[in-house]
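> Sequence lines, in order, name chains A and P. All the letters of the first sequence, read from the start, carry residue numbers 1 to 301 under the numbering used here. All the letters of the second sequence, read from the start, carry residue numbers 302 to 678 under the numbering used here.
Source of the hints: derived by calculation from the structure; they are not laboratory data. Fair warning: there could be bad hints in the mix.
[To be verified] Derived DSBU-like pairs: lysine-lysine, alpha-carbon spacing no greater than 30 Å straight-line: (1) A:Lys242 <-> P:Lys629; (2) A:Lys242 <-> P:Lys552; (3) P:Lys380 <-> A:Lys183; (4) P:Lys594 <-> P:Lys625; (5) P:Lys655 <-> P:Lys675; (6) A:Lys213 <-> P:Lys500; (7) P:Lys623 <-> A:Lys103; (8) P:Lys493 <-> P:Lys594; (9) A:Lys103 <-> P:Lys629.
Fair warning: this is a prediction, and the values are worked out from it, not measured in the lab.
The chain contents come next:
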Amino acid sequence: MNKSRRNFLKTSAFMGASIAGVASTKTVKGAPKNILSDDRMGVLVDTTVCIGCRKCEWACKTSHNMPTEPIEKYDDRTVFEKRRRPNANALTVVNEFENPNGKFPIDVKVQCMHCDHPACLSACIVGAFSKEENGTVLWNGDKCIGCRYCMVACPFQIPAFEFDKAWSPDIKKCDFCFDRTKKGELPACVEICPMEVLTYGKKSDLLRAAKEKIRLYPERYVDHILGEHEVGGTSWMYLSSKEFTQIDFPKLGKNPAPGVTEAIQHGIFAYFIPPIAIYALLGGVMWLNKNRKQTEHGEDE
Amino acid sequence: MKKIFLFIITLVLLTNVNGQVKKMGTSHSQKALICENCHSCSIPTKENPCLRDCPRESIATTKQKPEEGPDIIVINKLKGNQDIYKEVTFSHRLHAEMSEMSGGCVTCHHYNPPGKIIGCDNCHNSSRKREDVNRPDLKGAYHRQCMDCHREWSGGVECSACHQLNTKSPSKEKLITGTIKKSHAKLETPEKITYKTPKAEGKTVVFFHKEHIDLFGLDCQSCHSNDGCVKCHDQRPASAKPKMSVELKHKACSSCHDTKVKSNCVTCHNDKETNGFNHLISTGFNLNSYHSKLSCVRCHTTPGKFTGLNKNCNTCHGTWTKEKFNHKVTGLVLDEIHLEFDCESCHTNPTYAKPECSSCHDDYTYPAFIPGKKVKR
């Protein structure tokens with residue numbers, strides 16, 4: 001009995017080590033993909049131009065083969081009565097905010113920001129996320145085990161889970177129309193936008209254009225490009241006439257979100273000392289318990 | 302031989318110069334324009350005009366009448382393979398007429414170099430995928446021009462107001478083309494506009510529209526610089542109209558009238574309808590025969606401001622002195638004796654109205670006795 005138990009421990013230890021080994025080689029392999037390209041693309045969203053026609057929502061659904069109402073139905077503005085979030089059935093949504101001092105309300109499109117240092121990618125324990133060369137943060141369904149850590153990690157609360165699907169639920173989020181951009185096409189929302197609220201281009205060019213806009217029209221914009229620095233920078237960036245917290249954006253620091261989690265994780269697992277220590281502690285407790293039980297047994301006898 | 306050669310050279314040079322002058326004459330470079338407004342380099346050439354990105358307001362503009370532009374424009378420059386909507390028929394002339402109240406052609410043609418009004422696609426790229434992301438593409442530019450007014454007008458953003466779906470039958474087409482022949486009614490200057498305010502005191506405000514133009518010399522643009530269609534054609538229910546602050550309500554007047562000072566309210570706010578402007582009643586200075594024909598700005602020189610002036614003649618006629626003033630302009634040539642006196646000896650009144658003779662002559666009065674000869678002015 002004792003012998004078999006020892007064998008079991010041995011094999012499990014070996015297996016654990018090999019799994020760790022595999023995992024580590026994988027991250028090494030995956031790393032070059034996740035390096036930031038200087039030529040990565042982005043989108044500049046000028047919320048002062050958006051009219052809230054919601055054609056981007058229609059185009060997004062259509063290009064992702066998701067069920068949608070006919071395009072005429074998108075003129076219905078009663079949807080703005082409720083604040084909406086992207087979910088498994090809508091990868092992007094437009095919300096409308098009151099604008100007491102302006103002529104028109106403020107409309108704001110929401111979708112995955114495609115962070116330069118994605119928290120979802122960092123949190124994913126199976127490497128189902130990747131940061132592509134063109135800036136896209138892509139989810140790979142083959143690898144995903146449905147743990148939903150990405151949903152917790154995302155500072156913008158974007159990844160959504162298909163809770164209504166029992167057998168093969170997917171994580172749903174904007175994929176920056178990766179299949180379209182691969183072919184040299186524009187993302188579907190960018191292409192359809194009548195006002196060109198969404199300007200697609202190299203991130204560096206967009207930043208320059210955004211700064212020029214703020215310089216030329218200081219009364220139109222707050223002097224802040226959301227996504228220039230937030231959580232280490234994002235591919236999608238926003239201009240606004242109001243502070244971003246007033247149009248429902250979370251207040252975020254400049255440090256990449258994974259920086260925080262990774263620091264904790266790496267701290268916990270540094271040189272395996274804390275795990276070993278906790279197992280040693282537990283082992284010690286068990287050993288003490290065992291000894292006490294044995295002495296109790298001995299007294300009974 | 303040498304002479305002939307020289308002659309040919311001078312001929313060539315002359316024709317060249319002539320040609321150049323001709324070219325310059327038709328172009329904008331000889332007009333009184335500031336080159337730096339449009340060109341970033343000091344010597345722009347045709348090959349490298351180094352044009353600035355959309356200088357907008359600072360660019361010299363050409364003004365045209367609505368009927369000089371095209372009547373309709375079929376917008377089909379963005380045609381693709383899988384279009385959702387059909388091409389748009391745009392009633393250009395009707396829109397040009399409507400824009401007359403908001404600044405004319407420049408309302409839309411904001412980049413408008415002299416010579417010719419250019420279309421949107423001269424600057425705005427018809428492809429959304431492009432290198433220069435500083436200015437919107439053609440599709441964006443078109444829609445941004447339309448939506449500002451249309452959104453204000455209807456409050457909605459329905460695409461169907463201008464577009465019809467490719468899948469739909471052309472029933473809407475009639476509606477759009479129906480407006481093409483239409484023309485905006487001629488805008489006539491109202492005599493006066495009476496406003497009723499909700500205040501108990503000073504309920505009535507009469508705005509003397511014609512007076513502000515004819516008497517005070519304001520042109521339409523000084524007040525109507527940014528009026529959209531909605532200024533007259535507001536179809537929204539009262540609840541949907543934006544609430545105007547007190548400042549916003551007075552904005553049109555406050556550039557000339559100080560509307561912040563409480564004591565100024567009565568200038569416009571009265572219980573009953575008031576009469577128009579009268580210089581004597583309002584200012585105490587009678588515009589008599591000499592001044593009645595002058596335009597206001599001859600004396601009130603600050604543009605757009607009609608602040609009170611000192612009633613002394615020298616406020617305006619500062620250069621008048623005994624030596625310089627030719628008394629003949631008043632219709633009276635002074636005789637030699639009276640010509641020697643200071644003006645104030647007879648004109649004790651600061652307005653230089655009636656002269657007083659009594660300081661020298663016991664029983665003389667003006668105009669029974671005249672210190673000189675009357676002449677025709």
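> Each of the hints needs a verdict: does it hold here or not?
Evaluation of the provided hints:
{"no.": "1", "hint": "A:Lys242 <-> P:Lys629", "result": "violated (68 Å)"}
{"no.": "2", "hint": "A:Lys242 <-> P:Lys552", "result": "holds (24 Å)"}
{"no.": "3", "hint": "P:Lys380 <-> A:Lys183", "result": "holds (21 Å)"}
{"no.": "4", "hint": "P:Lys594 <-> P:Lys625", "result": "holds (24 Å)"}
{"no.": "5", "hint": "P:Lys655 <-> P:Lys675", "result": "holds (15 Å)"}
{"no.": "6", "hint": "A:Lys213 <-> P:Lys500", "result": "violated (43 Å)"}
{"no.": "7", "hint": "P:Lys623 <-> A:Lys103", "result": "violated (61 Å)"}
{"no.": "8", "hint": "P:Lys493 <-> P:Lys594", "result": "holds (23 Å)"}
{"no.": "9", "hint": "A:Lys103 <-> P:Lys629", "result": "violated (61 Å)"}
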